[in-house]
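S.K.: In order, the protein sequences belong to chains U and A.
Take numbering that gives the first Met the number 0: the final residue in the first sequence is number 320, and no numbers are missing along the way.
Take numbering that gives the first Met the number 0: the final residue in the second sequence is number 320, and no numbers are missing along the way.
None of these hints come from the bench; they were simulated from the model.
Treat the numbers as computed from the prediction; the structure is a model and nothing was measured.
It is possible that some hints are incorrect.
Note that the list lumps identical chains together, so a pair holds whenever it fits in one copy or between two copies.
To be verified - List time: in silico SDA-like cross-link candidates among lysine to any residue, alpha-carbon distance up to 20 angstroms:
{"id": "1", "residue 1": "K320", "residue 2": "D172"}
{"id": "2", "residue 1": "K204", "residue 2": "A133"}
{"id": "3", "residue 1": "K11", "residue 2": "Y198"}
{"id": "4", "residue 1": "K11", "residue 2": "H148"}
{"id": "5", "residue 1": "K114", "residue 2": "Q171"}
{"id": "6", "residue 1": "K320", "residue 2": "W273"}
{"id": "7", "residue 1": "K320", "residue 2": "R270"}
Here's the letter readout for the chains.
2 protein chains.
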Amino acid sequence: MTLQPITRVPDKEELLRTLDAIRPFIHRTPVMTCTALNRLSGASLFFKCENFQKIGAFKMRGAASAALRLTDEEKAKGIATHSSGNHAQAVARAAQVLGIPAYIVMPDNAPGIKKTATAGYGAEIVFCAPTQAAREAALEEVVQRTGAHFIHPYNDYNVIAGQASAALELLQDYPGLDAVMAPIGGGGLMSGTALTCRYFTPSVKIYGAEPEMVNDAYRSFHSGKIESNASTNTLADGLRTNLGEKTFAIIREHLEEVLTVSEESIVEAMRHIWERMKIIIEPSCAVPFAAVLSYPEAFRGKKVGLILTGGNVDLGNLPFK
Amino acid sequence: MTLQPITRVPDKEELLRTLDAIRPFIHRTPVMTCTALNRLSGASLFFKCENFQKIGAFKMRGAASAALRLTDEEKAKGIATHSSGNHAQAVARAAQVLGIPAYIVMPDNAPGIKKTATAGYGAEIVFCAPTQAAREAALEEVVQRTGAHFIHPYNDYNVIAGQASAALELLQDYPGLDAVMAPIGGGGLMSGTALTCRYFTPSVKIYGAEPEMVNDAYRSFHSGKIESNASTNTLADGLRTNLGEKTFAIIREHLEEVLTVSEESIVEAMRHIWERMKIIIEPSCAVPFAAVLSYPEAFRGKKVGLILTGGNVDLGNLPFK
Chain U
0 MTLQPITRVP
10 DKEELLRTLD
20 AIRPFIHRTP
30 VMTCTALNRL
40 SGASLFFKCE
50 NFQKIGAFKM
60 RGAASAALRL
70 TDEEKAKGIA
80 THSSGNHAQA
90 VARAAQVLGI
100 PAYIVMPDNA
110 PGIKKTATAG
120 YGAEIVFCAP
130 TQAAREAALE
140 EVVQRTGAHF
150 IHPYNDYNVI
160 AGQASAALEL
170 LQDYPGLDAV
180 MAPIGGGGLM
190 SGTALTCRYF
200 TPSVKIYGAE
210 PEMVNDAYRS
220 FHSGKIESNA
230 STNTLADGLR
240 TNLGEKTFAI
250 IREHLEEVLT
260 VSEESIVEAM
270 RHIWERMKII
280 IEPSCAVPFA
290 AVLSYPEAFR
300 GKKVGLILTG
310 GNVDLGNLPF
320 K
Chain A
0 MTLQPITRVP
10 DKEELLRTLD
20 AIRPFIHRTP
30 VMTCTALNRL
40 SGASLFFKCE
50 NFQKIGAFKM
60 RGAASAALRL
70 TDEEKAKGIA
80 THSSGNHAQA
90 VARAAQVLGI
100 PAYIVMPDNA
110 PGIKKTATAG
120 YGAEIVFCAP
130 TQAAREAALE
140 EVVQRTGAHF
150 IHPYNDYNVI
160 AGQASAALEL
170 LQDYPGLDAV
180 MAPIGGGGLM
190 SGTALTCRYF
200 TPSVKIYGAE
210 PEMVNDAYRS
220 FHSGKIESNA
230 STNTLADGLR
240 TNLGEKTFAI
250 IREHLEEVLT
260 VSEESIVEAM
270 RHIWERMKII
280 IEPSCAVPFA
290 AVLSYPEAFR
300 GKKVGLILTG
310 GNVDLGNLPF
320 K
């Protein structure tokens, strides 16, 4: 069966087809529970562990979903993106599995470990100055030169359908959840999670979580237009991006609320998860659990699914004292 | 069915009975695999994740096994031990589950987090000076005063039978292993692991792993008598103890070899497991994987089971730079 590119909000069958198609690229990650954190929060928490995903983050799902939908001709020319983070590794590995070229534009000040990991998947890395304009210019040049297909990190229905598969697995394992929450960066995971929940468990309440310091999604959700952040000063480095128009429209339609949390509560939530669950998660991933602890009245006594998005951290630079 | 106290080396049926009896006290922990670490080591590795065990370490198994075998009269008087580590929490929680008193002797300089965790299980903590003599005197006083039953951390067949259940679950999940390795401190886990392997998969090679800095088990294995360490200067703080006569006899009879590793290799192995498997393990737990990396010729192409013993670390004091 050939997958067709998705050009409008994906429907229920499209989400099921996508999960089926990307299985060879991904782990079916476990859902963990923790008595101590249930006691602490007063809720029953179900953690979908995408930190155990291939390349260490849910981004593998979206990149695979988009890459798989290219024609053979497009595939031959390869795929490209600009990212210094998990999306770079996801695109590089999707290309490696498919046996096609990948071109990744990275700021020249990206951490050595990210460069090494991306190069380790066989991608060609193109360095640029660490500004948004330089990234976009470098990507444009790469696409012109190679004819590679640009895979956007979030504002793409093919990517959204891939990210939706994390919540789909969660709801298959635990169909009776009262609420599901994901963190919001560009909104790819959040919009995919929202579609899955609405289609497969219509009664479930869908929450987004975001650092107060970069509360663009909270403001966008309430103002009705895409807002941006004055600064990006948060520990949750995966959540600094603004929404795209595709992700925003889905989020606006389906979310109950966007909950914002302080930097202190993010570090505290991250520490609880490390200490009690014995798993390594990125600061961005701790944001939904921080929201459960910061808004206890919304979750007390409820069965709540939380997507833990990734586990790629710099062990030499941790926020614990 | 009432469990009888074990007064000689436990047999096969005793190990099966013990696993059955302690189930309500423990998690059946997952066995994890990791493509990246298989590639790095050239072996197929199966990690038994006791870092996800109740109280964060395999010690829960032995404490439950010993506590369950007390008579009702003994139980009424409670259980006691001296420990600043995982055994303290294990004894405290076993008592809590059984609804009996627990008395834990701890050095007054024990980390606050250990005191809090142990007290959290409802145990009475008795503080003493941080010397072996002071610990033993304080324990003696507690036992005299309360009539509580002392649960030794390792040199006790009831405890050994409990620790044996980790390897038993591992071999039930993966019956075809070529080798199994555990770290050696006092030898409770190691001797239990050795018995399980010998009874249930007689062909499997059984290895112990130990820091070079505290290589008492290596020297004991080769000299034929229990040796002690001149210093305890290792990051692997769970492995500083000497063997007891019960654990030593079992280890001497069944092990292939005791492999010793450098402090640098322990930190490197720990970092690999944190970074690639995204799980939190104690330095002591990294020792067997460090041995796989340090003695590649012994393990290349083999299916190797490794017991990850625990995940209780001080996040404010990690060995990574």
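S.K.: Since the copies are identical, ignore which copy is meant and state whether K114 and Q171 lie within 20 angstroms (CA to CA) inside a copy, between copies, both or neither.
M.R.: neither (36 angstroms within a copy, 41 angstroms between copies)
S.K.: Treating 20 angstroms as the Cα threshold, decide for K11 and Y198: within, between, both or neither.
M.R.: Classified as within: same-chain Cα gap 6 angstroms, cross-chain 52 angstroms, threshold 20 angstroms.
S.K.: Cα distance capped at 20 angstroms. Does K320 pair with D172 within a copy, between copies, both, or neither?
M.R.: neither (36 angstroms within a copy, 39 angstroms between copies)
S.K.: Classify it for me, K320 with R270: is the Cα-Cα distance of at most 20 angstroms met within a copy, between copies, both or neither?
M.R.: both (10 angstroms within a copy, 19 angstroms between copies)
S.K.: With 20 angstroms as the alpha-carbon cut-off, assign the pair K204 and A133 to within, between, both or neither.
M.R.: neither (40 angstroms within a copy, 57 angstroms between copies)
S.K.: Could you figure out if K320 and W273 sit no more than 20 angstroms apart (CA to CA) within one copy, between two copies, both or neither?
M.R.: both (14 angstroms within a copy, 19 angstroms between copies)
S.K.: Between copies, within a copy, both or neither: which fits K11 and H148 at Cα up to 20 angstroms?
M.R.: Result: close neither inside a copy nor across copies, 26 angstroms intra and 61 angstroms inter.
Violated hints, in rising order: 1, 2, 4, 5; the structure is consistent with all others.
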